[in-house]
Structure formats: structure tokens, C-alpha cells
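Kindly generate the complete structure, drawing on both the sequences and the hints.
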Amino acid sequence: MPDLATLIAFSPMVLIPFVIIFKIIMSKNFNNTIFSAILISLICLSLITVTITFYMGQSFFSGDVYTPLMHKINYPLGTVSTIYFTLLNKILLIFYGILFIYCIIKYIQTKDFSLLKRFGTTSLFVGILMIFSIPTIVYPIYKVDSYENKITQAVTTAEINKAKLATKISILPAMKGYYSEITTLNLSLYIFNQYAKDAKIPDYSSKEAQELIDECIEYYEQSANLRDYSEYLRLALFCYQTRRIDDALKYALLAQSYGMNANEFISSIYIAMNDYKKALEYTDKNSNAFSTKKKLTAIYIGLCEFNKAEEIINKNQNEKNYKTWASQTKIYLNYKKGNTNLSKELFEKFSKNHPRFSKYSYEEFIKYTQIYGY
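Residue numbering for the sequence shown follows the working numbering, starting at -17 and increasing by one per position.
No lab work stands behind these hints: they were computed from the structure.
Beta carbons are placed, not taken as given, at the ideal position from N, Cα and C, and that holds for glycine.
Where hints are given, some of them may not hold.
Label-pair restraints from in silico Cβ distances [to be verified]:
#1 K334 x T33: 57 to 63 Å
#2 L324 x D196: 42 to 48 Å
#3 D266 x F0: 40 to 46 Å
#4 Y89 x T15: 27 to 33 Å
#5 L75 x N303: 50 to 56 Å
#6 C26 x E190: 50 to 56 Å
Below is the structure:
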């Protein structure tokens, strides 16, 4: 259910069609001055809501991010239109049913054919509104959960199909872009739950997994083109997580071309591609950020510059995350140096103190570190 603030904000907008319908049916019995005053008041109040939503709903990023006019309109309009038609559709259908019964009874009483003509005009008006409203009937906005709430839940194929259908039948580009993003959320969560959630090392090699990934990429691209170029960065991350490394690089570079800062992520992609020299070009060697230190260590290990890697690992850091990472990385470092026995000894100690890795074999742990250790 929508919150009270949303209901209050959108109520003038929701009332506009009903005032117009009332005027069509009542014709001259609804004073033009009163009708105009009410309609103008509702439109002005609606414009306030739309203006605030458009201002708050813009997608802003630091730096010189290119945002075309279409995205500046579509990004907030997708939210506005979806909320609006979700609130409107059921009330409009019930109202139309009551109006139909009223007009039939009134016609039987008065034999006034003009009433039926006015009802026909109303039906056309309602029909147009319902065509735009159908996606919100298929997949109402208030059933859309946030990623944080949904990640612990199982996303069903039925829910995915509803989101895909809502995307397909959306007439407004802004609404199509909105539902495209929702579809990517559902698909990516489904893929995560199916192939990664309970797996030591996610395996996306099956035909089913690859088809789902292809489908998710398609909706990501549609959302990026219609709604927000930042989707390309999210798409790159999705491809990276599902081991579509070449695609990850393609979309990360595309996001960068639109002004998004993707250097750190591009560095991770090149590490995954074992192109350590290229990864170093995209890494800020002077940064003290923990994430950067992890990348630099992976790069130096990959380049067999073990002394530089050890220098970063052995720095005195008190943070728990740093100590855990340092212990994990020492295992991998000794593996790469050829000190297999020492590497296995360190792994035995590490796995006993970290229950997450207690069920991993040494080989599985090395493979996991190669993929996720930076």
C-alpha cells in the first residue's frame, strides 16, 4: 500500500479524470465556471507534485556525466506515471462500472439518447486511460520491493514474467524504462538465488543460466537507453559478477564515455582478464583506500612483483577486514610464489578461524581468491 504522503500528493492528479468524466456526463448541468475552477485548481496542485517529483527524481552523478533531455524527463516521469496509474486504475474501473449502471437506469427512465452518447465519449476517455494503466495492473508499483528487502527472498519466475509483460505492454517510454529496471532487478536476484547464493563458487556455465543472463542484459540495455546511462555501470557490474568479463569491460568503458568514474572498476575487470599492466594503468597507486590496496596487491602478484605485494600486505593495519584480507592474500601469494606447503599450512589455520571457508578445499579456496580476492 502507498504511504499517506504519496496518497495526499497524488490525490489531485487522480481526481482530474473523475472531474472530467463528471463534466461529460452532466454536460450543461455542471456549471462551466465551477468546472474550470476545480479543474485548474487540481492541475495546479498536480503540477506542484510533478515538479517536486521531477526535481527529487533526477539521477545525479558527480563529474561531467552526460544526461540527455530524454533521460531528465523519463527518469522521474517513469516513477510519476507508474504511481499515478497504480493509484488510478482500480478506482477508475469501479467508478466506470457504477457509472455504466447509472446511465442504463437513467436512460430507461428518460429515454435520453444524448446520455448514451455522453457515456460513449466517457468510455473512450476511460479506455485511453486504461490502455496506459494496464502495465500497473499487471505489476503494481507497490508490490516492488527494494533490493535490500528482496535479496533475502526467493524471486519467482511468475514475478519475473509479470515484470517482463509490464515492460512489453508499456506505451510510455518512461514507464517502459521504469519496468525494464524492475525486470533487471528481478532477473538478477533470481540468477543470484539460483546460481550463487548457496554456492561456494558460483557456476553460470549452464545453458539456462546463460539464457537468463542474456535476457537480463537485454533489459539492462533498454533501461539504460530509455532512462539512465548509469545503468551501463550497473550492467557492467552484473556482467562482471556473472563472469561475462568481456561484456563487463565493454559496458564499463561505455559508462565511462558518458562521464561516469569507472577507473577502479575497469581495473578490477582487467585483473579478471589477467591483463595486469592494463589494470595498473587504471589504478591510483597513491590512493590509501583499502579497495585500491587490494587491487594493487592482486596486480603485483599477477606481475610477479611479490616484494611490492608483500609490502602492502605487511603494513600495520588494525582494521578487522584488513587483517582477514591480509591472511587470505598471504595464502594466495605463497601459492603463486610456488611455496605450496606453506600456503596450505596458512590455509589450514585460516579456515579454522573463519567458518565461512571451513568447508572449502584448498583448491576451491585458491579459485575463490582468484575471482573475489580483490
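Notebook entry, point to check: CB of C26 to CB of E190, is that within 50 to 56 Å?
Noted result: This hint holds: roughly 53 Å between Cβ atoms.
Note to self: Does the beta carbon distance between L75 and N303 stay inside 50 to 56 Å, or does it fall outside?
What the structure shows: holds (54 Å)
Next item on the list: Could you say whether the range 40 to 46 Å given as a hint is met by the Cβ separation of D266 and F0?
Entry: violated (58 Å)
Check: Quick one: are L324 and D196 within 42 to 48 Å, going by C-beta?
Finding: The hinted range 42 to 48 Å holds for L324 and D196, with Cβ atoms some 43 Å apart.
Margin query: Tell me if the beta carbons of K334 and T33 are separated by a distance inside 57 to 63 Å.
Written below: holds (60 Å)
Margin query: Range first: 27 to 33 Å. Now tell me if the beta carbons of Y89 and T15 are that far apart.
Written below: holds (28 Å)
Of the hints listed earlier, the one the structure fails to meet is number 3.
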